[in-house]
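Enquirer: Okay, here's what each chain looks like letter by letter:
Number of protein chains: 2
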Amino acid sequence: MRRVLVTAVAACFTTLAAADEGMWQPAQLPAIASQLQQRGLELDPSRLTDLTGPTMGAVVSLGGCTASFVSPDALVVTNHHCAYGAIQYNSTAEKNLIRDGFLARTQAEELPGDPNARVYVTDEIRDITREIVGKLDPKVGGLARYEAIDKAQKAAVAKCEKPGVKCDVYTFHGGYSFQLVRQREIKDIRLVYAPPAAIGKFGGDVDNWMWPRHTGDFSFLRAYVGKDGSSKAYSKDNVPFKPKHFLPINANGVEAGDFVMVAGYPGRTNRYRLAEETRDAIDWQYPTNIRWYTEILDIINRNGAKDPAVAVKYANSVAGFNNYLKNFRGQLEGLAKAHAVDTKTTKEEALLAWLRGQGAETAALGGDIGELRGVLAQQRKVRDRDLVLGYLNRTFLYNASYHIYRTATERTKPDLQREQGFQTRDEPKIEGTLKQWERRMDPGVDRQLFTHFLRGYVKLPADQRVKSLDAWLGTGATDDAVLVQKVDALYAGTRLTNVDERLKWFKSKRSEIEASDDAALKFMVALLPDLLEIERARKQRSGDELRLRPRYMQAMIAYNESLKQPVYPDANSSLRVTFGQVQGFKKDGVEFTPFTTGDGIVAKTTGEDPFDTPANEYKALVARDYGNHASAKTGVLPVNFLADLDITGGNSGSPALDAQGRLVGLAFDGNWDSVSADWIFDTGLTRSIQVDVRYMLWIMDKIDGAKNLLEEMGVAK
Amino acid sequence: MRRVLVTAVAACFTTLAAADEGMWQPAQLPAIASQLQQRGLELDPSRLTDLTGPTMGAVVSLGGCTASFVSPDALVVTNHHCAYGAIQYNSTAEKNLIRDGFLARTQAEELPGDPNARVYVTDEIRDITREIVGKLDPKVGGLARYEAIDKAQKAAVAKCEKPGVKCDVYTFHGGYSFQLVRQREIKDIRLVYAPPAAIGKFGGDVDNWMWPRHTGDFSFLRAYVGKDGSSKAYSKDNVPFKPKHFLPINANGVEAGDFVMVAGYPGRTNRYRLAEETRDAIDWQYPTNIRWYTEILDIINRNGAKDPAVAVKYANSVAGFNNYLKNFRGQLEGLAKAHAVDTKTTKEEALLAWLRGQGAETAALGGDIGELRGVLAQQRKVRDRDLVLGYLNRTFLYNASYHIYRTATERTKPDLQREQGFQTRDEPKIEGTLKQWERRMDPGVDRQLFTHFLRGYVKLPADQRVKSLDAWLGTGATDDAVLVQKVDALYAGTRLTNVDERLKWFKSKRSEIEASDDAALKFMVALLPDLLEIERARKQRSGDELRLRPRYMQAMIAYNESLKQPVYPDANSSLRVTFGQVQGFKKDGVEFTPFTTGDGIVAKTTGEDPFDTPANEYKALVARDYGNHASAKTGVLPVNFLADLDITGGNSGSPALDAQGRLVGLAFDGNWDSVSADWIFDTGLTRSIQVDVRYMLWIMDKIDGAKNLLEEMGVAK
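Line order of the protein sequences matches chains A and B. Under my numbering, the residues of the first sequence are numbered 1 to 717, in order. Under my numbering, the residues of the second sequence are numbered 1 to 717, in order.
These are calculated hints, taken from the structure and not from any lab test.
Any copy, or any two copies together, can satisfy a pair, since identical chains are not distinguished.
Each computed DSS-like pair below joins lysine-lysine, with the alpha-carbon atoms no more than 25 Å apart: (1) K429 x K232; (2) K326 x K587; (3) K413 x K504; (4) K347 x K619; (5) K587 x K619; (6) K633 x K586; (7) K337 x K619.
Could you build all of it, start to finish, from the sequences and the hints given here?
Expert: Below, the structure written as structure tokens:
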């Protein structure tokens, strides 16, 4: 499955509790209209259900981040950390846009983003559950179920897609329902403006996930299309896209207590997971990944310290690893504090007790939960192996050779029978990645990472070993010197480190690859049959899960409904709206107030990264030279603000909107207590963090002189 | 000098600013009586000047920590971390009092503290500046000045001391004035009660220096003397000391805004240091020690992980290293945020400019500041060597052999000519340390540390090398294998690891030691002549500093007086009083409220160290079973509270007193912003953290069942 995640069903909308917990699908909003209006929304909620209307029509996905159109010429605003790839792609040790920032004073000066950069404009979401599983016997699981669903999904996508239009089937509640999402795909995304990292990443990893926060986490991109309006890859001849709608700016921002909402593409939450899945996350998933990430960062940083070019190439990866590392630690801390396993176990026992008291049909769901546990136990048996293979697939050499050879093998089948991710529609993205490695990978570092992951592999127990990989390693591979020698030979014997060579092989036939003497391709040709066997077993388990998890969710929904608990969809990267108000939070001995100000930047400034405020900004803040960007209420310059919005990764860059749907900031993070909200939401503590529009405008106006953009957005004064 | 530190002069008392900054000597309090009363003191301030009176007479020093008598039978209350040595001394891997806590239900059950544990009761402080430097030519510096002061100090001490009475000369303003402090020395200090580490160290290194805080950082000791009332080392026949005064307990505590004061023995502040000394701290001192401490902790922890007995032996050291490590990082962060070097430079330039505008005599002080800079430059040249030697002296082998041999060499002189620290009066302490190593040192770990420090030594430039040490190392010592071999042989060839052997040698004559074939003693016999030469050069520089720093301080005092800035003494381990009120602090985006409560412990509890609240406490807190210990104002159980008191290391365990001088808590820490207050005090941010007396009483009453102690303090209900 492309995604195995979750949504709510219409029957549950009415049983909504008072909390601002909930990532609502646009279509759900009319059902909770009274709540929205009670909170202060001044728009007709039904306007927000129109995906091509004035508000939602301006909210776009960057694939992993959210953004929005803010001008008729497709000026796009998002987080600095979402534009980081584009900034890094245009940076070198000599011309360091990460450090110095960048401003195109004209469209001609705008820089091409990396080849995989995209803007996706959602224009339709349609329930196709009947189409996908309507004819399937509810008792069929395993490979048969997996393949039937897979086939139906691909057919639905094929029927929907055309050049410039991307379609995807999103799985909700682990297979309880399916929705087809149609998006316009724009491929020429340029970097327009990014403040220096000392503004855009102010506070860095120290402040990440923390409040008080003072980060100017915003940047501007622009979406370009062909002169005929069609989606085209980067070309000088392309012209700015003309979005149907763009967000108006409220340059006066919001104040404490005001209504605020965020529209965006939250990636994944786990609020309906079983207690044992929560325990696995605590006991295995987070600690194991923390260990691996720490080791990976150690390798990259050791090399980066010696060579600034390496540091620039891996800057994006390092930022990502550090972000997740802190996130994982926060998850563990939050889950421990919330006694998550106990809480979930108690809830699960209550669910099972409740089920036993229901009619036979509902009561039967209890047995399915037992079966689901069996599937989880099977997955647990191979998780260490799958994790190591996943890490290997993060190395350039493994990833490139795998994608080259796998694509070639898939190309021998009719398109609709090819594996998802390796269909004709996927080839441009694979090609983009093969190119992109050029700027993001150093062969020496890659080799060290590959070696490191293999060291993890050779420690696996016998029943988790991969035969062909063992054969390639040979007998002495538990001897580290032998292992190192093997990998050195592998890297010495490949020409895939050359981008032209990679692209040549990507165009080659399966038989040509199988005849190649390139060490990396030979390695992968030997490995793939085993990988396919592993994949087949995984699909078998997925098929069972696709049968059982919807049954569990059906039980959970029925039970929650009986408790009048809110049921809303777990995040699954589809478009959602969360609403609430600007507000802080309290803990024992401390109150976190909802706004930070320019004075806080001055107080945090040390002159050392990540608190190295640019000299001109520091001076202006000390002088309180706020222009007309200060809060009318407090007279000071707001920088970041808190709200009780339910967001998660993927919401980064989401527009924060006021009661009239005007842009008042960008969501970019949550507080430390929000990290574990992916599992358990705490109304009193979970807060989103937004960069205030007034700070953005002040930086553009007073510090970086981006008057051209202020004029384009209609806020120049 | 025993201590080279600072105090204010009477002339300056009148120019006091409004801030609660200031560590006041008891004798200064009548001069600031109106301020004290304005803040809310209900006692006559002059009562606080009487060191043997009802309040100050109950406040005692533990040598590094502060404590107070709280019963007529010399029950002493201090911080858990101040009693940590005694708790650790009585702990083994099997009987782990650190983990489990300890309560003596009768005096017979009380456990002996470590042999060096002391309670010092100050009974007189007298200015003896005239006696020390009255006859010295102001122009004489160098060794002559050093030795004259040294001789006068020793004479004053000798005249004052007698069995059970300890006298010390404290140096103020780097030699501007000297005061003789007379203290009763009690030598039999027993452990009475300590809560489990999960209470006494709750939050551990994570929460250390942080607010909100929830640490039950308190323990009880008892001071014993001989039946005749004289100071005696531990003996079963000893009886509890009968203090003239003990503090009454205010079981109702204080509330936000209330007057509060702390009396204690702050160790050291640097508020009058030159800008370049601040820069040295930032550029060299803190970063270098951070590196060393990290490496030392790494070595200890690696060994402790393998052997729990090692972990117990080094628990106290590890706690200390971690505490300082975090402190140093806080110093660096705070100094950077405060732009300390710039601030100090500006102030210094203003001082010099002001001096130039004064009469010739005052203006001449400017030249002395230039000379002082010259002395600092000389010290800087040998600081790396001195640091390495200092670290070597922290290893058992070096420290024990040095003290054994140095004492023997000093014993050949008349007592008054012996080096300070090696006089007859010092011998019991040295002997105590030689015994103490037994429970605090593992020869394997010690050897690794010794090797590690030598690795630092061999990297020193040629002009900082020590000839005899180079000779001992031999030619190949830059080869790590050779160095390791040398150290291994040293440890294999010594019997000092045996306590009886150490004590035998400590009683031996110089000639006997010089004839010994013990490898460690031979090593030290070879080294000492060079160490004495280094010491001589250091005394030379100290003599210059003793001439020049008082001149700089004279200029600083005159200048501050002209600005009507408060001038109070920098901390120098002598008795001080600081006063203010219970209050929190604000930062941009956050308000730190002055009290934490039992609910906060529940919220922080994860079940994992350092948030592993004992089950009975957790249960009682969840049930809000506060007995009569809740705040009358808020109805909840206060745990820790903030106040704007000016404290630093050494104040740990200090009684926090209400307006009537009753005990309402114990100071045990400062907030993160207070760490760098050692250099620059920030009225808005610097806060002390106290454990609330109500939390102490609740733990004793409800959790640990220490009714006997509650009765003894007269607060059983």
